[in-house]
Structure formats: structure tokens, C-alpha cells
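Trainee: So the protein sequences, as listed, match chains L and B.
Quick note: our numbering has the first sequence finishing at residue 377, numbered continuously throughout.
Quick note: our numbering has the second sequence finishing at residue 685, numbered continuously throughout.
Simulated from the structure, these hints should not be mistaken for lab results.
Be a bit skeptical, because a hint or two may be false.
What the hints assert, rightly or not - Cβ pair distances, simulated, as ranges:
hint	chain 1	residue 1	chain 2	residue 2	range
1	L	Y221	B	G605	34 to 44 Å
2	L	Q87	B	T538	54 to 64 Å
3	L	P356	B	G474	21 to 31 Å
4	B	G474	L	Q87	45 to 55 Å
5	L	Y221	B	E388	27 to 37 Å
6	B	G474	L	T223	34 to 44 Å
7	B	E657	L	Y221	19 to 29 Å
8	L	A50	B	T604	48 to 58 Å
9	B	H654	L	D220	19 to 29 Å
Unchecked claim - SDA-like mimics (lysine to any residue), calculated; alpha carbons at most 20 Å apart, straight line:
hint	chain 1	residue 1	chain 2	residue 2
10	B	K522	B	K423
11	B	K638	B	A582
12	B	K545	B	L391
13	B	K542	B	F454
14	B	K545	B	R501
15	B	K522	B	L673
16	B	K635	B	Y602
17	B	K572	B	A400
18	B	K423	L	E200
19	B	K423	L	V183
20	B	K522	B	R501
21	B	K423	L	K254
22	B	K572	B	A582
23	B	K638	B	I551
24	B	K423	L	G77
25	B	K637	L	G77
26	B	K423	L	L203
27	B	K423	B	E384
28	B	K423	B	P390
29	L	K254	L	V183
30	B	K638	B	L673
31	B	K423	L	P209
32	B	K637	B	K545
33	B	K522	B	T538
34	B	K423	L	E241
35	B	K423	L	N207
36	B	K572	B	K635
37	B	K542	L	Q226
38	L	K254	L	E241
39	B	K572	B	E384
40	B	K423	L	D205
A quick note: this is a predicted structure, and the numbers were derived from the prediction, not measured.
Beta carbons: idealized from backbone N, C-alpha and C, even for Gly.
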Amino acid sequence: MSMELPQGRTVLTGNEAAAVAVVLARAQQIACYPITPQTLIVERLADLTAERDDIVFANLDSEHSMFGYALAAERAGVRCFAATSSQGLLYSHEQLHRASRERIPLVAVNVNRSVVAPWSLEPDLADSMSERDTGWIQLYCSSAQELLDSILCAYRIAEEAMLPVLVCAEGFLVSHTAETVDVPSQAAVDSFLPPFQPPEDWLLDPNRPRAFSGLPEPNDYATYQQNVAEAHDLARTLIAEAASDFSAAFGREKVASLELSGDPNADTAIVAIGTIGETARELLTDDEPPLVVRVHAYRPFPGEELASVLEHVSHVCVIDRAPAFGAPGPLGEDVRAYGVTATDVVCGLGGSDVTPDTLRRALAASGREAIYLGVEA
Amino acid sequence: MSVWLDEVIQEEPLLFPGHAACAGCGPAINMRHFLGALSAATPDRKIVLVVPASCWTIIAGAWPVSAFGVSVYLTPFASAAAEASGIKAALRQRGLGDTHVVVWGGDGSTNDIGFATVSAAAERNEDIIYVLNDNEAYMNTGVQKSGATPEGAWTTTTPTTAPRKGTKKDMDRIMAAHGIPYVATLAAGSLPLLKDFRAKVTRAATIEGFRFLHCLGACPPGWRYPTGDSVEIVHRAVDSHYFPLLEVNAGEWHITQKPKKQLPVAEFLSTQGRFAHLSEDEVALVQQHVDERWELLERLEQSSAVAV
């Protein structure tokens with residue numbers, strides 16, 4: 001089936017919005033391997049690119065091969081895309097590490113899904129949180145529109161920072177929920193996102209024979225890693241600039257690192273990622289509404305910005321939709337690392353419900369160890 | 378003889394002196410002649426080598442130097458065939474589609490950890506050359522058993538008290554079963570093997586689609602023999618039918634070197650310490666399996682021959 005690119009205001013699921021964004025971003029190669037709940041992204045891309053001879057759609061034999069294919073193709077000078085979920089992301093773990101060290105600006109979507117065991121298709125963030133230290137920029141989206149917009153920004157950020165970007169959205173809650181989405185015109189996207197121009201001294205160019213990733217001396221190896229860390233520091237600025245330019249170009253608000261809702265002088269605050277950050281906004285009409293902070297850019301972590309926002313809040317509740325056994329959840333750990341005293345509540349695992357009431361109970365809890373809410377309730 | 382070799386080797390090497398291979402490294406001889414024959418066959422076409430984790434991660438040289446006159450892209454162990462596919466597609470998009478994209482993978486990455494990916498790239502008939510550099514064990518990590526380790530061989534994980542049981546994975550028939558345009562086995566010895574080796578590379582150079590070249594890589598430290606014996610051992614491998622030289626051209630099987638008199642396989646095995654523990658009965662079993670495979674190849678040759 002061949003498919004036309006939707007235009008203007010329309011109704012799309014998160015997965016469809018992602019596919020549309022990838023075509024609008026003029027990705028030249030799409031590396032594909034199916035996994036629920038991501039599959040609809042590559043299915044739509046197969047339809048959208050079937051009659052395009054400027055886009056290569058490649059069916060690979062595993063997620064490990066898919067990332068290998070996309071990373072190598074990108075290194076050879078073309079803009080690429082890949083998508084996965086859960087076990088597929090975990091299966092690609094070594095490719096993810098290598099991508100950031102090689103400074104390959106691949107953009108991939110991870111539709112968040114819990115990890116085995118036991119088997120579950122339902123959403124939580126255990127998959128991408130397990131990859132937080134691989135050197136990818138991570139952006140978490142809570143709506144189809146934000147997913148579309150963030151993919152467009154991601155290509156710009158990736159190619160400016162020369163870092164890979166993982167754009168994440170929870171399975172089913174975002175991926176399969178149909179919403180009203182504004183699809184920008186190709187012309188508007190083209191003026192926002194210039195073509196990929198790989199740096200000459202980075203590019204795999206057959207006309208300039210060189211060896212890539214050869215064994216360095218230990219000090220040179222360490223310098224390699226330091227360069228990635230410095231690129232992440234630079235990316236904080238690039239993420240803010242991309243969001244600001246995006247808002248100006250497309251006339252709608254684009255979250256940079258953090259989205260704040262409610263009274264900045266509130267006595268309590270909820271810090272969350274993804275759709276839980278949306279749910280938390282329902283507490284804004286409570287008698288004592290919290291400040292709601294939704295973390296969009298999780299890596300590089302906007303720690304200083306977050307600490308500054310939370311400076312005068314007396315009770316901070318961090319919601320983690322991922323476990324980190326034997327330690328606080330990943331977001332809780334990160335928030336505390338910047339000197340914020342916070343209670344860390346783990347909930348929503350494997351798609352278990354997180355309602356406004358769940359969050360009210362989370363706000364009422366306090367402690368130093370992670371609190372697994374919902375387990376005994 | 379030297380005049381003859383001058384006729385065979387006319388190009389400048391693309392694997393430079395000073396590379397980091399062991400003394401007597403058979404695969405280094407393979408690489409030198411593979412790149413030489415490929416560039417001689419298609420002098421206008423550039424070469425990109427895609428190299429999964431292996432001895433060649435080391436041999437290529439310590440950063441920032443390179444032992445190669447071609448681009449070398451080092452990849453994780455299991456994904457080289459997929460990465461070569463991506464590079465080929467990207468170069469095509471950039472107007473550099475006539476570049477030879479070559480995977481140089483060991484038997485660990487090809488027969489074992491990257492097997493699914495090699496098979497998938499063959500099934501897609503990617504326009505790449507895949508070289509299986511077969512030294513019959515994980516040599517870079519210090520001689521551990523792989524799917525290519527031969528019957529009876531010692532490795533550090535198949536000690537002489539519990540040596541390798543069963544025969545090595547038959548990658549030639551497996552790859553031929555994918556219906557790819559070209560499969561060949563190669564052994565870089567002296568003449569006439571070197572001529573056979575280079576003729577196969579030359580043929581592969583001008584075929585489109587997935588080409589699979591299975592090179593025997595004699596390994597002094599892994600096979601346990603003196604470094605000066607690599608070429609002699611390769612000849613004995615071929616003469617004993619231990620490593621038959623064949624090609625499968627568009628489905629047609631052809632044994633390209635038929636020794637006038639088959640050497641007993643014991644005369645190959647006895648050159649290497651890895652087989653030193655084998656009893657007469659065990660050697661006889663290896664001989665039986667070598668002979669059975671040769672007969673199978675002869676039947677494949679007869680049954681697939683195109684009537685003239």
C-alpha cells in the first residue's frame with residue numbers, strides 16, 4: 001500500500017506521527033526490525049516510502065543488525081532512522097554505546113515497553129532507562145504532537161552536537177492513542193532542518209582511506225570519552241536553541257528540557273517523565289496544588305535547571321516509571337545528585353495504572369529508599 | 378618461479394609492511410593477495426573494509442595509524458554484514474556506489490556470533506564481498522573452539538582430554554544454499570594455489586550481489602607449528618582434501634584444484650601441535666570424514682554441471 005503524507009491538522013496515533021516526522025525530516029535510510037508496540041512506525045514508513053527512490057527502506061534481521069546498519073550508513077554520510085522497543089533496545093546495547101563514542105548523529109525512536117520477565121507488552125521506562133549511560137541524548141514525549149515535533153528537533157540537535165538521540169514515548173499511551181496533530185509543511189521543515197552535512201574529518205569516505213575505531217593508547221581512549229561528555233554539556237544549549245527556534249518557526253510551544261506547570265512558588269512538587277507528567281497536571285486544581293515538572297530532556301540531565309526550579313519547594317516527590325533494584329529509581333537518583341532532597345516513588349510498572357489518586361498518594365509519602373507504590377495498595 | 382610470481386603479482390600492496398600480525402600469519406598473506414587482486418581487477422573502484430572484532434582489529438594498527446591503503450571500519454562482533462549493507466546503500470546514495478564494500482570476518486563472527494546477520498545479508502543478496510577468514514578457532518582471544526574448529530582439534534576450551542567432537546560447520550554449502558551468485562574457497566599458498574586464489578578474487582570483483590569467499594587462514598600460534606611452515610601447511614591442506622578448493626558460480630559447483638595424488642590427511646595433521654594427541658583410530662575417522670565430504674563435493678559438481 002502506498003500512502004500520502006498527511007497535511008495540516010489531522011488525527012494521528014503517536015506511531016503515525018513519528019513516521020510522518022521521519023519522512024518530513026528527509027531521512028534517507030530507514031532501518032527496520034519489528035517489535036510491539038513500535039511496529040506501526042516502520043509499517044507506516046514502509047508505506048510512505050514505497051514509491052520514493054530517494055529513501056532506502058531496509059528490513060534487517062535483528063535490532064542489533066538494524067542499529068549496526070543505520071550507524072554504518074550514517075557514518076557513510078546519509079541521514080538515517082531506526083525504531084525499537086523494550087527487548088530490542090536491550091539487545092542493541094553495545095551498538096548504543098558505540099554510537100555515541102563514534103559521534104554518530106543517528107535519531108531513533110524507542111516506544112517504551114516493560115522488559116522481561118515476565119512477558120509484558122505494557123509500558124514502563126525500564127528499557128530506555130537501562131540505556132541512560134550509553135551516551136545518547138534522551139528526549140521523552142507525552143503526546144503524538146510532541147513526538148512529531150521532537151523528532152524534527154532531534155535531527156537538528158543530533159547533527160549539531162554529533163551525538164545520537166533517542167526519542168522516547170510510552171507504548172500504547174502515546175504510540176497507539178489517536179490525537180489531533182498539526183503536521184507542518186515540508187517547506188517549513190526544510191527551512192528548520194538543513195540537510196545533513198557530515199564533517200569531512202569524521203566521514204567514512206572511500207576516497208580518503210583511514211581506519212575507524214582503531215585501538216588507541218589508554219590516554220587517547222580516555223580523551224575520546226571526555227569528548228562525548230563535553231558534547232553532552234554543549235547539547236544542553238543546543239536543545240534549548242532548537243526548542244526556541246522551533247517555537248518561532250512553527251508557532252507552537254516546544255518544550256526544551258523541562259516543562260513547568262502550576263505555581264512556581266508551590267510548597268510541593270511532582271517531578272515526572274512522559275505521560276505521568278501529564279496526569280500530574282490534573283492535581284493543579286486540588287486545594288494545595290503541587291508544582292508539576294515534566295522532564296523532557298533526560299540526557300543530558302537538566303540538573304542545574306531542575307535544582308534551581310525546586311530550590312524553594314519543601315517537599316519534592318519524584319515519580320519513576322522504572323525500577324532500579326537496590327537503589328532509588330533512575331530519575332530519583334538524578335534529582336538527588338543535584339542536592340535536592342526528594343522522595344522517590346516507583347509506580348506504573350508494566351503499564352499498571354497511574355491515576356491522579358496514585359499521584360496524591362505518592363505526594364503523601366516520604367522516605368529515603370524508593371517507595372514502590374501500588375504494590376501493596 | 379620468481380618470474381612467474383612477478384606475472385601474478387604486479388600491484389603495490391594495500392596491506393603495508395609494519396602491520397601488527399604475528400610472524401607467519403596465514404590470513405595476512407590472504408589479505409595482501411585479496412586486496413592486491415581486487416584492486417588489480419578493478420583499479421578504478423575504491424575499497425572499504427568492514428572488520429568485526431578479530432585479530433584484524435589489532436593488525437590494522439594502533440590509532441592513529443593504519444596498516445591499510447584502504448578505508449577500514451571496525452565494527453562490533455556480530456553486525457559486520459549488516460553494517461557493510463548500510464555502507465553500500467549509503468555510498469550508492471552519495472554517487473559512490475561502485476565502491477567495493479568488503480567484510481573481512483573471522484570464523485567466530487561468521488560461523489557463530491554473526492551467523493544470522495551473514496545469512497540475512499546473503500538472503501537479501503547485498504552487493505558486497507564477504508570474506509570468511511577461517512583460522513578455525515577464536516585466535517584473537519587465545520585459541521578457543523569455534524563452529525569452524527575441525528574434528529579432533531585441541532583448543533584452550535577443547536583440551537586434549539576432551540577435544541572437539543564432530544565436524545566443522547559447512548559454511549560453503551550453507552552459503553551456496555542461499556542461492557547467492559558466487560561462493561568460493563581460497564588458499565593462499567605458492568603456485569598454483571596463489572593463481573587459483575587470485576583468479577577467484579578477480580572473478581568476484583566483477584560479479585554483482587553477495588559474494589562469499591572462504592579463505593583458509595593458517596595460524597602458527599593457534600595451530601601450533603613453526604612460523605615458517607604456513608605455506609607448506611596450506612598446500613598439504615589442499616593436497617589432502619582437508620580444505621577442498623571449489624567455487625559455486627551461479628549454483629554450479631566446481632572443484633578448482635584436484636590434486637593428482639591425494640595426500641593422506643595424517644600428513645596435514647602431523648604438521649600441527651593441535652592434532653598431536655590424536656590416536657591412529659581418530660586420524661582414520663578424520664580421514665573418513667574428509668573423504669566423505671570430497672565425495673559429496675564431487676557429486677555436487679556432477680549434478681550441478683551445466684550440459685554443454
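Trainee: Does each hint fit the structure? Answer for all of them.
Mentor: Quick rundown of the hints versus the structure:
Separation of Y221 of chain L from G605 of chain B is about 36 Å and conforms to the stated range, judged on CB atoms against 34 to 44 Å. For the pair Q87 of chain L and T538 of chain B, the supplied restraint of 54 to 64 Å is violated, since their beta-carbon distance comes to about 39 Å. At roughly 57 Å, the beta-carbon separation of P356 of chain L and G474 of chain B lies outside the given 21 to 31 Å, and the hint is violated. Distance hint check for G474 of chain B and Q87 of chain L: the Cβ-Cβ separation is about 35 Å, which falls outside the suggested range of 45 to 55 Å.
For Y221 of chain L paired with E388 of chain B, a C-beta distance near 35 Å keeps the hint of 27 to 37 Å intact. Separated by about 35 Å at the C-beta atoms, G474 of chain B and T223 of chain L satisfy the suggested range of 34 to 44 Å. Take E657 of chain B and Y221 of chain L: their Cβ atoms lie about 51 Å apart, and the range 19 to 29 Å is violated. Between A50 of chain L and T604 of chain B the beta carbons are some 56 Å apart, a value that agrees with the proposed interval 48 to 58 Å.
For H654 of chain B paired with D220 of chain L, a C-beta distance near 44 Å fails the hint of 19 to 29 Å. The suggested pairing of K522 of chain B with K423 of chain B is violated, with an alpha-carbon distance near 35 Å, which exceeds 20 Å. For the hint linking K638 of chain B to A582 of chain B, the alpha-carbon distance of about 32 Å lies beyond 20 Å, and the restraint is violated. Between the alpha carbons of K545 of chain B and L391 of chain B the distance comes to roughly 32 Å, so the proposed pair goes past 20 Å and is violated.
As the CA atoms of K542 of chain B and F454 of chain B are separated by approximately 25 Å, the hinted pair breaks the 20 Å bound. The hinted pair formed by K545 of chain B and R501 of chain B fails the criterion: a straight-line CA distance of about 25 Å is larger than 20 Å. Taking the CA atoms of K522 of chain B and L673 of chain B, the gap is about 25 Å. The hint is violated against a cut of 20 Å. Distance restraint check for K635 of chain B and Y602 of chain B: the Cα-Cα separation of roughly 26 Å exceeds the 20 Å cut-off, and the hinted pair is therefore not satisfied.
Proposed proximity of K572 of chain B and A400 of chain B is contradicted: the alpha carbons are some 23 Å apart, above 20 Å. Of the supplied pair hints, the one linking K423 of chain B and E200 of chain L holds, its CA atoms being roughly 18 Å apart against a limit of 20 Å. Taken as a hint, the K423 of chain B and V183 of chain L pair is broken in the structure, with Cα atoms around 42 Å apart against an allowance of 20 Å. About 30 Å separates the Cα atoms of K522 of chain B and R501 of chain B, which puts this hinted pair outside 20 Å; it is violated.
Proposed proximity of K423 of chain B and K254 of chain L is contradicted: the alpha carbons are some 45 Å apart, above 20 Å. Note on K572 of chain B and A582 of chain B: the hinted pairing holds, with a Cα-Cα distance of about 15 Å set against a maximum of 20 Å. With a C-alpha separation of about 28 Å, the suggested pair K638 of chain B and I551 of chain B falls outside the 20 Å cut-off, and the hint is violated. For the hint linking K423 of chain B to G77 of chain L, the alpha-carbon distance of about 16 Å falls within 20 Å, and the restraint holds.
The suggested pairing of K637 of chain B with G77 of chain L is violated, with an alpha-carbon distance near 52 Å, which exceeds 20 Å. A threshold of 20 Å between alpha carbons decides the hint, and for K423 of chain B with L203 of chain L the separation of about 15 Å falls inside it, so the pair holds. Between K423 of chain B and E384 of chain B, the direct Cα distance comes to roughly 23 Å. Violation of the 20 Å bound is thereby established for this hinted pair. Restraint check for K423 of chain B and P390 of chain B: the C-alpha separation of about 14 Å stays at or below 20 Å, so the hint holds.
Distance check on the hinted pair: K254 of chain L and V183 of chain L sit about 14 Å apart at the alpha-carbon level, within 20 Å; holds. Proposed proximity of K638 of chain B and L673 of chain B is supported: the alpha carbons are some 18 Å apart, at most 20 Å. Restraint check for K423 of chain B and P209 of chain L: satisfied, since their Cα atoms lie roughly 9 Å apart, inside the 20 Å limit. A hinted pair counts as satisfied when its Cα atoms are at most 20 Å apart, and K637 of chain B with K545 of chain B does not qualify at roughly 26 Å.
For the hint linking K522 of chain B to T538 of chain B, the alpha-carbon distance of about 14 Å falls within 20 Å, and the restraint holds. Distance restraint check for K423 of chain B and E241 of chain L: the Cα-Cα separation of roughly 40 Å exceeds the 20 Å cut-off, and the hinted pair is therefore not satisfied. Proposed proximity of K423 of chain B and N207 of chain L is supported: the alpha carbons are some 7 Å apart, at most 20 Å. For the hint linking K572 of chain B to K635 of chain B, the alpha-carbon distance of about 14 Å falls within 20 Å, and the restraint holds.
With a C-alpha separation of about 48 Å, the suggested pairing of K542 of chain B with Q226 of chain L is violated against the 20 Å cut-off. Taken as a hint, the K254 of chain L and E241 of chain L pair is honoured in the structure, with Cα atoms around 11 Å apart against an allowance of 20 Å. Of the supplied pair hints, the one linking K572 of chain B and E384 of chain B holds, its CA atoms being roughly 10 Å apart against a limit of 20 Å. The straight-line distance between the Cα atoms of K423 of chain B and D205 of chain L is roughly 10 Å, inside the 20 Å bound, and the hint therefore holds.
Violation of the numbered hints given earlier is confined to hints 2, 3, 4, 7, 9, 10, 11, 12, 13, 14, 15, 16, 17, 19, 20, 21, 23, 25, 27, 32, 34, 37; the remaining hints are satisfied by the structure.
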